[in-house]
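Generate the whole structure from the sequences, applying the supplied hints.
There are 2 protein chains.
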Amino acid sequence: MTSPIQKNLVEKNAGYASHFTKGDLALPPAKHYLILTCMDARIDPAAAFGIDLGDAHVIRNAGASARDGQRSIIISEQLLGTKEIILIKHTGCGMLTFSNEDAHGLVKKNLGPSAAVEIATLDFLPFSNLEDAVREDIAYLRKSATVPEDVVISGWIYEVETGKVRQVV
Amino acid sequence: MTSPIQKNLVEKNAGYASHFTKGDLALPPAKHYLILTCMDARIDPAAAFGIDLGDAHVIRNAGASARDGQRSIIISEQLLGTKEIILIKHTGCGMLTFSNEDAHGLVKKNLGPSAAVEIATLDFLPFSNLEDAVREDIAYLRKSATVPEDVVISGWIYEVETGKVRQVV
Numbered sequence: 000m001t002s003p004i005q006k007n008l009v010e011k012n013a014g015y016a017s018h019f020t021k022g023d024l025a026l027p028p029a030k031h032y033l034i035l036t037c038m039d040a041r042i043d044p045a046a047a048f049g050i051d052l053g054d055a056h057v058i059r060n061a062g063a064s065a066r067d068g069q070r071s072i073i074i075s076e077q078l079l080g081t082k083e084i085i086l087i088k089h090t091g092c093g094m095l096t097f098s099n100e101d102a103h104g105l106v107k108k109n110l111g112p113s114a115a116v117e118i119a120t121l122d123f124l125p126f127s128n129l130e131d132a133v134r135e136d137i138a139y140l141r142k143s144a145t146v147p148e149d150v151v152i153s154g155w156i157y158e159v160e161t162g163k164v165r166q167v168v
Numbered sequence: 000m001t002s003p004i005q006k007n008l009v010e011k012n013a014g015y016a017s018h019f020t021k022g023d024l025a026l027p028p029a030k031h032y033l034i035l036t037c038m039d040a041r042i043d044p045a046a047a048f049g050i051d052l053g054d055a056h057v058i059r060n061a062g063a064s065a066r067d068g069q070r071s072i073i074i075s076e077q078l079l080g081t082k083e084i085i086l087i088k089h090t091g092c093g094m095l096t097f098s099n100e101d102a103h104g105l106v107k108k109n110l111g112p113s114a115a116v117e118i119a120t121l122d123f124l125p126f127s128n129l130e131d132a133v134r135e136d137i138a139y140l141r142k143s144a145t146v147p148e149d150v151v152i153s154g155w156i157y158e159v160e161t162g163k164v165r166q167v168v
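Sequence order for the protein chains is D and A.
Heads up: the first sequence runs through residues 0 to 168, numbered per numbering that gives the first Met the number 0.
Heads up: the second sequence runs through residues 0 to 168, numbered per numbering that gives the first Met the number 0.
Just so you know, these hints were derived from the structure itself, not from any lab.
Treat the hints with care, as some may be off.
Stated by the list, open to error - Quick list of in silico lysine-lysine cross-link-like pairs, DSSO-like style, CA-CA up to 30 Å:
| hint | chain 1 | residue 1 | chain 2 | residue 2 |
| --- | --- | --- | --- | --- |
| 1 | D | Lys82 | A | Lys107 |
| 2 | D | Lys30 | D | Lys142 |
| 3 | D | Lys6 | A | Lys30 |
| 4 | D | Lys11 | A | Lys11 |
| 5 | A | Lys6 | D | Lys82 |
Claimed, not checked - Label pairs and their computed distance ranges (CB to CB):
| hint | chain 1 | residue 1 | chain 2 | residue 2 | range |
| --- | --- | --- | --- | --- | --- |
| 6 | D | Thr120 | A | Pro3 | 35 to 43 Å |
| 7 | A | Pro3 | D | Gly111 | 49 to 57 Å |
| 8 | A | Ala16 | D | Tyr139 | 25 to 33 Å |
| 9 | A | Pro3 | D | His18 | 42 to 50 Å |
Backbone N, C-alpha and C fix where the C-beta goes; we use that ideal spot for every residue, glycine too.
Okay, here's the thing in structure tokens:
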């Protein structure tokens, strides 16, 4: 059975594909950078951050966590040649609204003991201060031996209220 | 010092923000679903998959790995109310081109022994068959106690050559 969400995907994609002209782009990002941002529904990275198709890797997870993105960042840089990281967290992030304890409690309550056991050691990586979280993630990237020293790194905040980015570090 | 990539971000974002009218969207995705896809530079999820701003979480990592996305998926569902998962891998994925051994070897060669030690236990999650990888990730999601049984799950492949999606499972 097709859900309304799946139907929307199929219909909108048919429209997209009917005008698609960029079938010959190369696998490695043409502008050799990656953007790491949040999964938040209010962010459209291509439009808001000016990424043309084929130009950059876009990694997205809850909170734009650099730690969570480590595997993808290494693959982006070591296997596909990116040389710059743009980290963008955002105002109103869900990660500001709960603690690890809250999340583990919710999983146990909603999903039961087997789910709680499955993720017993999982760090949900919430944070309590947005700008500090940007600084900490940038520090993590700069300290990690897996990110070469010549990789350019900057940290930003996107305002979901205004559509504007501002640089933090 | 501002890099050309950072300059592009600032300039393109100023244009985006100058026409921005969606500053009052709610934090939870309005259409209660999440898309999990690859970080690949040739994918523009909003355009190709028909996502309007505010409608869906978008999780992206190397290879669209469900396992790698687990933390974000739990947060999306348990804290922000999403009820459907659309998993989309794609043709020409970089994850089809190397093995775990290759990646670990490359890290050691390019970044040295301290980087190799830092990620000694990291699984890069490559795969050798695209459709099988979609099926395996869907099976992983269906099996995980952290994904409720009433969550609708489907698996797709996006063709970077044509801009088209097709359903696998």
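Comparing the hints with the structure gives:
Under the criterion of a C-alpha separation no larger than 30 Å, the hint pairing lysine 82 of chain D with lysine 107 of chain A is consistent with the structure, at around 18 Å. Between the alpha carbons of lysine 30 of chain D and lysine 142 of chain D the distance comes to roughly 24 Å, so the proposed pair stays at or under 30 Å and holds. For the suggested pair lysine 6 of chain D and lysine 30 of chain A, the alpha carbons sit about 13 Å apart, so the restraint of at most 30 Å is met. Between lysine 11 of chain D and lysine 11 of chain A, the direct Cα distance comes to roughly 25 Å. Compliance with the 30 Å bound is thereby established for this hinted pair.
Straight-line distance between C-alpha atoms of lysine 6 of chain A and lysine 82 of chain D comes to about 16 Å, which keeps the hinted pair within the 30 Å bound. At about 41 Å, the beta-carbon gap between threonine 120 of chain D and proline 3 of chain A stays in the expected band of 35 to 43 Å. At roughly 51 Å, the beta carbons of proline 3 of chain A and glycine 111 of chain D sit within the given window of 49 to 57 Å. A beta carbon spacing of about 28 Å between alanine 16 of chain A and tyrosine 139 of chain D agrees with the range 25 to 33 Å that was offered as a hint.
Proline 3 of chain A and histidine 18 of chain D have their C-beta atoms about 29 Å apart, which leaves the hinted 42 to 50 Å range violated.
The structure does not agree with numbered hint 9 stated previously, though it agrees with all others.
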